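J.: Sequence:
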Amino acid sequence: MTLSVRPLSRALGAEVTGIDLGSVTDADVARIRELLLEHLVCFFPGQQLTKEAHVALGRAFGDLEVNPNLPNPEGGPREMVELRASWGGIADEWHTDVTFLPSPSVMSIMHMVACPDLGGDTMWSNQY
1 MTLSVRPLSR ALGAEVTGID LGSVTDADVA RIRELLLEHL VCFFPGQQLT
51 KEAHVALGRA FGDLEVNPNL PNPEGGPREM VELRASWGGI ADEWHTDVTF
101 LPSPSVMSIM HMVACPDLGG DTMWSNQY
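The numbers in this note's numbering rise by one with no breaks, and the one at position 28 of the sequence shown is 28.
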């Protein structure tokens, strides 16, 4: 497959296709870093990562952290958090990337399982 990048707005965001995030190479990671610097937020539709593959993808970018406030998925890796509306408090948990820490994460990798037809928006901003 050929990597394809489609900007989503002038401010930030791009849809990236033609890559399997479950088996990235060093060159893929370098290209994704470039895209993140250029577009700030990248969306990779159609990916089917296991929890283990999700963590492996994160590790390809560096050391991972453990969120001190949120639960990990049942039986899942401690480096992941899972937000479920049925657990309550979801609207309060928007700092899943621990930006409140003195040395916050450089990036977050999120996977949406279910998206409502209306609402459920995620807001993105550039802190620089």
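Among these hints, one or two may not hold up.
[Said to hold, decoys possible] Simulated restraints on C-beta separations: (1) 76 <-> 105: 28 to 34 Å; (2) 38 <-> 105: 17 to 23 Å; (3) 5 <-> 103: 18 to 24 Å; (4) 64 <-> 113: 29 to 35 Å; (5) 76 <-> 8: 25 to 31 Å; (6) 5 <-> 66: 19 to 25 Å; (7) 110 <-> 11: 29 to 35 Å; (8) 56 <-> 11: 15 to 21 Å; (9) 18 <-> 74: 32 to 38 Å; (10) 63 <-> 2: 17 to 23 Å; (11) 18 <-> 112: 18 to 24 Å; (12) 78 <-> 27: 15 to 21 Å; (13) 36 <-> 101: 29 to 35 Å.
Just so you know, the hints here were simulated from the structure itself, not pulled from any lab data.
Note that this is a predicted model, so its numbers are computed, not measured.
For every residue, glycine included, the Cβ atom is placed at its ideal position computed from N, Cα and C.
J.: It remains to establish, for every hint, whether it holds in the given structure.
T.: Going down the list of hints, with the structure as the test:
no.	hint	in the structure
1	76 <-> 105: 28 to 34 Å	18 Å, violated
2	38 <-> 105: 17 to 23 Å	19 Å, holds
3	5 <-> 103: 18 to 24 Å	30 Å, violated
4	64 <-> 113: 29 to 35 Å	20 Å, violated
5	76 <-> 8: 25 to 31 Å	30 Å, holds
6	5 <-> 66: 19 to 25 Å	32 Å, violated
7	110 <-> 11: 29 to 35 Å	19 Å, violated
8	56 <-> 11: 15 to 21 Å	31 Å, violated
9	18 <-> 74: 32 to 38 Å	33 Å, holds
10	63 <-> 2: 17 to 23 Å	31 Å, violated
11	18 <-> 112: 18 to 24 Å	20 Å, holds
12	78 <-> 27: 15 to 21 Å	29 Å, violated
13	36 <-> 101: 29 to 35 Å	20 Å, violated
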